[in-house]
Amino acid sequence: MAYSNKVVDHFDNPRNMGSLDKSSDEVGTGIVGAPECGDVMKLQIQVENDRIVDAKFKTFGCGSAIASSSLATEWVKGMTIAEAVAIKNTDIVEELALPPVKIHCSVLAEEAIKAAIEDYQSKQASK
Amino acid sequence: MTGTGQQLYYFDNYASTRTDPRVVEAMLPYFSERYGNSNSRSHGFGWAAEEAIDLGRERVANLIGAKAAEVLFTSGGTESCNLAVFGVARMYAEKGKHIVTTAVEHRAVMDPIRALEREGWEVTYLPVDQTGLIDIDALKGAIRDDTTLVSVIFGNNEIGTIQDSAAIGAVCKEKGVIFHLDACMGLDTEVIDVDAHGVDLLSMSGHKIYGPKGIGALYVRRRRPRVRLQPMMLGGGQERGMRHGTLNTPGIAGMGMAAELCRLERDADKVRMTALRDRMYKAFMELDEVYLNGHPTQRLPGALNVSFNFIEGESLMMGMPDIAVSSGSACTSATLEPSHVMRALGVGEDLVHTSIRFSLGRFTTAAEVDHAIEQCMGSANKLRDMSPLWEMFKEGVDMSTIEWKHD
Chain A
1 MAYSNKVVDH FDNPRNMGSL DKSSDEVGTG IVGAPECGDV MKLQIQVEND RIVDAKFKTF
61 GCGSAIASSS LATEWVKGMT IAEAVAIKNT DIVEELALPP VKIHCSVLAE EAIKAAIEDY
121 QSKQASK
Chain B
1 MTGTGQQLYY FDNYASTRTD PRVVEAMLPY FSERYGNSNS RSHGFGWAAE EAIDLGRERV
61 ANLIGAKAAE VLFTSGGTES CNLAVFGVAR MYAEKGKHIV TTAVEHRAVM DPIRALEREG
121 WEVTYLPVDQ TGLIDIDALK GAIRDDTTLV SVIFGNNEIG TIQDSAAIGA VCKEKGVIFH
181 LDACMGLDTE VIDVDAHGVD LLSMSGHKIY GPKGIGALYV RRRRPRVRLQ PMMLGGGQER
241 GMRHGTLNTP GIAGMGMAAE LCRLERDADK VRMTALRDRM YKAFMELDEV YLNGHPTQRL
301 PGALNVSFNF IEGESLMMGM PDIAVSSGSA CTSATLEPSH VMRALGVGED LVHTSIRFSL
361 GRFTTAAEVD HAIEQCMGSA NKLRDMSPLW EMFKEGVDMS TIEWKHD
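Just so you know, the sequences run in chain order A and B.
Its first residue numbered 1, the first sequence is counted upward by one per residue in the working numbering.
Its first residue numbered 1, the second sequence is counted upward by one per residue in the working numbering.
If you're looking for bench data, these hints aren't it; they were derived computationally from the structure.
Heads up, the beta-carbon is just placed ideally off N, CA and C, and yes, glycines get one too.
Hints are not guaranteed to be accurate.
Claimed, not checked - Just the calculated beta-carbon pair ranges, DEER-fashion: (1) Asp137/B / Glu36/A: 25 to 35 Å; (2) Val85/A / Ile402/B: 20 to 30 Å; (3) Gln6/B / Asp91/A: 23 to 33 Å; (4) Pro127/B / Glu36/A: 34 to 44 Å; (5) Arg51/A / His371/B: 40 to 50 Å; (6) Ser126/A / Gln298/B: 52 to 62 Å; (7) Pro296/B / Glu48/A: 34 to 44 Å.
As the list claims (entries may be wrong) - Selected chain B positions facing chain A (in silico; Cβ < 8 Å): (8) Leu55; (9) Phe310; (10) Ser315; (11) Asp322; (12) Asp350; (13) Met386; (14) Ser387; (15) Pro388; (16) Glu391; (17) Glu395; (18) Val397; (19) Thr401.
Could you build all of it, start to finish, from the sequences and the hints given here?
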């Protein structure tokens with residue numbers, strides 16, 4: 001089964017691959033998945049005045065998992081927290097034309113966004 | 001291959017091999033010139049087919065030190081394995097209903113045995129060590145009075161580990177139990193002599209030894225002991241009543257030629273393939289955290305199953321799109337589940353998803369190997385940069401202490 005062109009594009013040219021300073025108060029880090037399941041996504045957001053000004057990812061997983069997280073960072077950049085929380089995995093499935101066996105990759109990407117936001121918010125709350 | 005508009009490099013010989021051009025040539029007359037049915041005893045078309053089949057049978061028998069009359073033809077390795085397992089189990093059901101096998105069989109053996117289990121047979125699955133070998137003493141201990149069959153894979157299709165078939169055969173002889181050796185993999189480079197190895201049934205596949213797909217053979221011992229099989233299909237009485245159906249003359253001519261070429265060229269092929277395989281392995285080992293799956297030496301010469309830690313196997317393959325390989329969990333990769341073979345080796349849950357299987361063959365060249373090394377190293381480096389696990393490893397995080405968030 002061949003990958004969709006969009007998955008291949010994100011895999012070949014990943015957007016926002018890398019890391020942000022996880023110790024910064026402005027940065028929220030979400031790590032989801034597990035090595036034994038074959039997928040681990042790390043998604044980070046940098047927030048200023050409730051708006052996501054930067055996002056980075058690193059992913060251990062198949063091409064669809066890499067593409068899902070790459071797309072997620074592309075989308076959340078520039079969004080408010082409320083807008084980013086509203087991203088649904090089905091949006092990712094549709095954009096990347098993921099086949100049924102790869103839907104879990106999009107679920108993971110949605111969870112990674114939410115986990116990063118949660119981390120950011122808990123940092124803010126404990127300030 | 002250029003079918004997709006792009007040159008592809010073939011490193012999936014354990015999935016299937018290229019049919020040797022000499023094999024194709026041997027098959028061609030039996031499609032449109034000598035197309036008769038070997039069962040037609042009354043005219044030249046039938047005699048020509050029979051002659052081709054006799055020669056094919058002789059050549060396959062020669063490869064394994066058997067007599068021609070002990071070789072029967074099937075539709076492939078899967079049918080041979082099914083016929084061996086079901087055929088013996090059902091024929092000797094009155095003697096006993098216990099089977100001994102291993103945890104690393106191909107599904108063509110494993111699934112028939114599981115089906116028999118559901119029908120009331122008892123099965124002992126021998127574990128393997130981390131190199132993929134069974135323990136001969138454990139085999140001895142597992143055989144009971146009611147054991148009718150020991151079925152063991154010779155060269156493992158996923159990791160290449162070669163079982164000590166001669167020692168297994170000796171135990172089976174001593175205990176008087178029928179021994180089926182699944183030798184679908186390895187006859188292109190390894191010498192198996194059915195008498196020296198004490199084999200009673202031996203499964204073979206055409207397309208794993210540079211022959212065509214859709215043809216296989218099963219060796220069935222005729223003397224000491226005379227092994228009998230209950231057929232799975234009924235019909236025209238071919239193959240001594242054990243495998244009915246019109247014989248596949250072109251396939252048999254091809255498989256015979258393939259066997260003959262293996263017999264003549266296996267020693268040279270083995271030396272060449274081993275050198276190329278080891279060159280590849282050495283190159284990969286220059287990277288950190290790369291592990292070999294399978295036995296370091298007692299292994300088929302084409303087999304290179306390696307885990308690139310912190311890189312998921314499917315993404316590694318995607319990063320080298322012109323290299324045709326399998327993910328380490330070969331046969332089951334469609335299900336995204338780690339294979340039973342990798343689990344049986346005790347490969348850590350985290351490493352299970354990082355394996356990839358290169359399999360070299362007769363036609364693999366040094367230039368292809370060098371290209372594959374370059375592509376694979378490039379893909380591995382790119383994906384490690386992208387891997388959060390590699391980052392943690394480099395930071396010295398002990399990943400076994402992390403509580404991963406599961407779905």
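Q: With 23 to 33 Å as the target window, see if Gln6/B and Asp91/A comply at their CB atoms.
A: With a Cβ separation near 32 Å, Gln6/B and Asp91/A satisfy 23 to 33 Å, so the hint holds.
Q) Quick one, is the Asp322/B hint okay against chain A at 8 Å, beta carbons? A) With a closest approach of 13 Å, the Asp322/B hint is violated.
Q | Asp350/B as chain A interface residue, shortest Cβ-Cβ below 8 Å | A | Because about 4 Å separates Asp350/B from the closest Cβ in chain A, which is inside the 8 Å limit, the hint holds.
Q. Given a hinted range of 25 to 35 Å, is it respected by the beta-carbon distance of Asp137/B and Glu36/A?
A. Holds, at about 32 Å.
Q: So, Val397/B near chain A? Judge it on the closest CB pair being under 8 Å.
A: violated (11 Å)
Q) Is it true that the C-beta distance of Pro296/B to Glu48/A lies inside 34 to 44 Å, as the hint says? A) violated (55 Å)
Q | Hint check: 8 Å Cβ-Cβ cutoff, Thr401/B to chain A | A | violated (13 Å)
Q: Hint says 52 to 62 Å; check whether the CB-CB distance for Ser126/A and Gln298/B agrees.
A: holds (58 Å)
**Q.** Restraint check, 8 Å cut-off on beta carbons, for Ser315/B near chain A
**A.** Check passed: Cβ of Ser315/B comes within 5 Å of chain A, closer than 8 Å.
(Q) Under 8 Å is the threshold here; is the Cβ of Glu395/B close enough to any Cβ of chain A for the hint to stand? (A) Violated, because the Cβ-Cβ distance from Glu395/B to chain A comes to roughly 10 Å (cut-off 8 Å).
**Q.** Beta-carbon spacing of Val85/A to Ile402/B - inside the hinted bounds 20 to 30 Å or not
**A.** holds (25 Å)
Q: Starting from the hint 40 to 50 Å, judge whether the C-beta atoms of Arg51/A and His371/B obey it.
A: Taking Cβ atoms as reference, Arg51/A and His371/B lie about 47 Å apart, which means the hint holds.
Consistency note: the structure conflicts with the earlier hints numbered 4, 7, 8, 11, 17, 18 and 19.
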